[in-house]
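First to last, the sequence lines map onto chains H and V. Following my numbering, the numbering of the first sequence begins with 89 at its first residue and continues without gaps. Following my numbering, the numbering of the second sequence begins with 89 at its first residue and continues without gaps.
Everything hinted at is true.
Listed next, the stretches of chain H that the computed footprint assigns to chain V, with coverage defined by at least 3 CB atoms under 8 Å from CB atoms of chain V:
id: 1; stretch: 139-145
id: 2; stretch: 163-170
id: 3; stretch: 188-197
id: 4; stretch: 240-246
Hints were generated in silico from the structure; no laboratory data involved. Each residue gets a CB set at the ideal place from its N, CA and C atoms; glycine is no exception.
There are 2 protein chains.
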Amino acid sequence: MNEELQGRGRESGDAYAQAGVDISAGNAAVALYRARAAGWRHPNQLDALGGFAGLFAYPTPDAESVLVGSADGVGTKILVAAALRRYDTVGQDLVNHCVNDILVTNATPLFFLDYLAVGALDAEMAGQVVSGVHEACRRNNVALLGGETAEMPGLYAPGHFDLAGTIVGTVRRAELPQVESVSVGDAIIGLQTNGLQTNGYSLARKVIPESEWSARFDGATIGERLLAIHPSFFEPVRAMQRVARVKAMAHITGGGLLENVPRTLRKGVQAVFDASAWSVPAIVAEVAHRAQLTHEECYRTLNMGVGFTLIVPAEDAAVALAASSGAALVGRIGARGEGEPAVVVHPRATA
Amino acid sequence: MNEELQGRGRESGDAYAQAGVDISAGNAAVALYRARAAGWRHPNQLDALGGFAGLFAYPTPDAESVLVGSADGVGTKILVAAALRRYDTVGQDLVNHCVNDILVTNATPLFFLDYLAVGALDAEMAGQVVSGVHEACRRNNVALLGGETAEMPGLYAPGHFDLAGTIVGTVRRAELPQVESVSVGDAIIGLQTNGLQTNGYSLARKVIPESEWSARFDGATIGERLLAIHPSFFEPVRAMQRVARVKAMAHITGGGLLENVPRTLRKGVQAVFDASAWSVPAIVAEVAHRAQLTHEECYRTLNMGVGFTLIVPAEDAAVALAASSGAALVGRIGARGEGEPAVVVHPRATA
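Go ahead and model the full structure; you've got the sequences and the hints to work with.
What follows is the structure in structure tokens.
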């Protein structure tokens with residue numbers, strides 16, 4: 089059927105119709121993908137050969153170059169999007185999430201591939217999902233090298249879908265973060281985020297029932313706040329790196345500050361956060377409140393408003409903060425004694 | 089929770105328990121992943137930094153190098169595996185499928201990342217799925233650079249799961265297949281396959297109900313034949329390339345010979361197959377028979393026994409065939425006139 093787009097495949101074949109797989113919807117979806125992709129293509133992307141795979145000219149071949157890969161999904165944020173029939177944001181969540189994950193290694197993203205699975209293919213819906221993927225790829229200057237749209241009646245309920253993806257980036261060995269260089273007294277800079285990002289949705293859906301999602305909340309609806317797009321922190325991080333030395337970074341995904349910051353912290357140091365230094369998005373506070381999370385549970389489950397952290401020498405903190413409007417000085421590196429936790433969050437003073 | 093394995097993430101957080109996400113099962117699954125991965129690791133794989141992403145030392149940096157990426161899923165073969173509780177084969181299907189997809193561009197695979205989504209995480213089951221992924225990576229000499237295991241109650245039914253993945257490989261520009269060089273008289277070599285590979289399962293499940301899957305069939309059970317592992321054609325292709333010039337290749341996925349071979353065929357030529365030159369696996373014949381597929385539908389829906397095709401100069405055919413035991417001369421390149429199809433399959437003589 090030659091319906092591939094830059095390596096994008098679909099099951100096909102006339103006889104699929106009798107098995108409940110809609111070929112015409114597939115063709116319509118691919119037409120929408122093509123129309124969207126016609127607007128922008130990464131300059132390093134090469135013409136695909138028959139659509140089995142996508143080709144990308146490696147920009148800086150160098151014996152010091154390391155490829156960096158990460159795969160992720162959108163989690164049950166997908167069920168919020170499906171319920172609200174809002175299909176153009178989850179692709180952006182996914183790409184931005186992946187960009188941030190490899191940014192922790194200081195990698196610059198090169199290309200992305202998505203996997204969209206549906207119970208019954210609705211071309212318009214699939215087109216919107218992939219449109220969101222494409223939009224975020226363009227904004228992050230990442231090639232959308234390919235993807236797979238799979239129609240699987242029997243696995244996904246009507247109206248349900250899943251979306252996952254893989255990003256590949258590159259970093260030179262000498263530019264990998266030096267977590268061993270983190271020292272007592274270093275500053276921790278946090279990048280403010282706008283909502284739950286892509287974690288905590290199983291909990292959020294449990295404590296805020298779907299019947300409330302159209303209710304007004306924080307200047308929008310609960311549903312809109314739940315679907316706030318996971319930001320890409322690539323540009324703010326690069327802006328800070330132009331003026332400051334960044335020793336280590338963490339993307340605050342599932343596990344919150346308590347479990348993500350230690351992932352790039354050396355032994356013997358402790359990250360001490362002051363929660364009064366940043367604000368908690370209203371939707372995040374609402375989930376924490378309704379779920380009656382303890383202080384510890386809050387910072388182990390939700391991002392609580394900090395989407396990404398960077399550790400810089402104390403003397404570089406001021407210039408780093410000036411380089412990014414969404415950045416705040418959120419903590420300090422201290423010494424970690426035997427038996428002490430790797431992360432401590434001092435609660436904000438209650439008003 | 090620091091439960092990552094080479095970039096393998098999971099949603100975590102104590103408060104997830106109240107939302108139906110089982111953290112202890114997650115830890116157990118990760119322990120199984122680690123145990124499996126301890127047995128073999130690709131030499132170019134570097135230590136991951138905090139588990140947000142996997143790192144891979146690019147082996148042959150060269151301005152002529154092109155990266156090749158492809159994403160795919162296992163399709164509804166997953167539902168057969170889930171019903172039969174046979175979890176160790178679909179990972180192999182997926183990796184081998186992806187290896188073959190990029191092999192069409194002549195790429196050598198470098199690394200792979202998987203995405204496993206489940207309704208309720210069963211550590212033993214997830215461990216077996218990822219074990220299959222790891223096994224096929226090892227056999228294909230591909231680094232398993234990372235992956236995501238997502239537990240999504242509400243999206244997947246209990247016992248159901250989905251599995252997708254992305255492969256990245258490399259090829260030098262000069263070694264990309266030259267489809268323009270395909271000429272009338274060239275030979276088409278086919279690699280025999282063992283079953284449906286990973287396409288046609290929506291149809292197969294419709295015409296062979298689950299109640300029959302334990303019935304004896306072709307020296308095994310119907311279920312076992314349905315789950316025959318999609319072969320990797322990397323080694324046979326490389327063996328042939330050592331002795332023969334290969335001009336173009338196709339992986340026979342959904343769409344069969346009729347839709348896949350034209351994907352790398354230049355204008356003006358026609359691939360003419362002689363179906364008596366190879367055998368149809370019994371399970372494939374059974375599906376075609378029960379679905380009452382026409383000749384055209386057979387070759388547009390199922391692989392009909394040919395898993396991969398290579399176009400070589402006629403004078404190279406004999407040495408190529410001698411280099412691989414599973415290879416057969418299955419067709420010739422002819423001239424394609426105006427209005428003629430790109431692929432013709434002459435039916436086998438009926439006995």
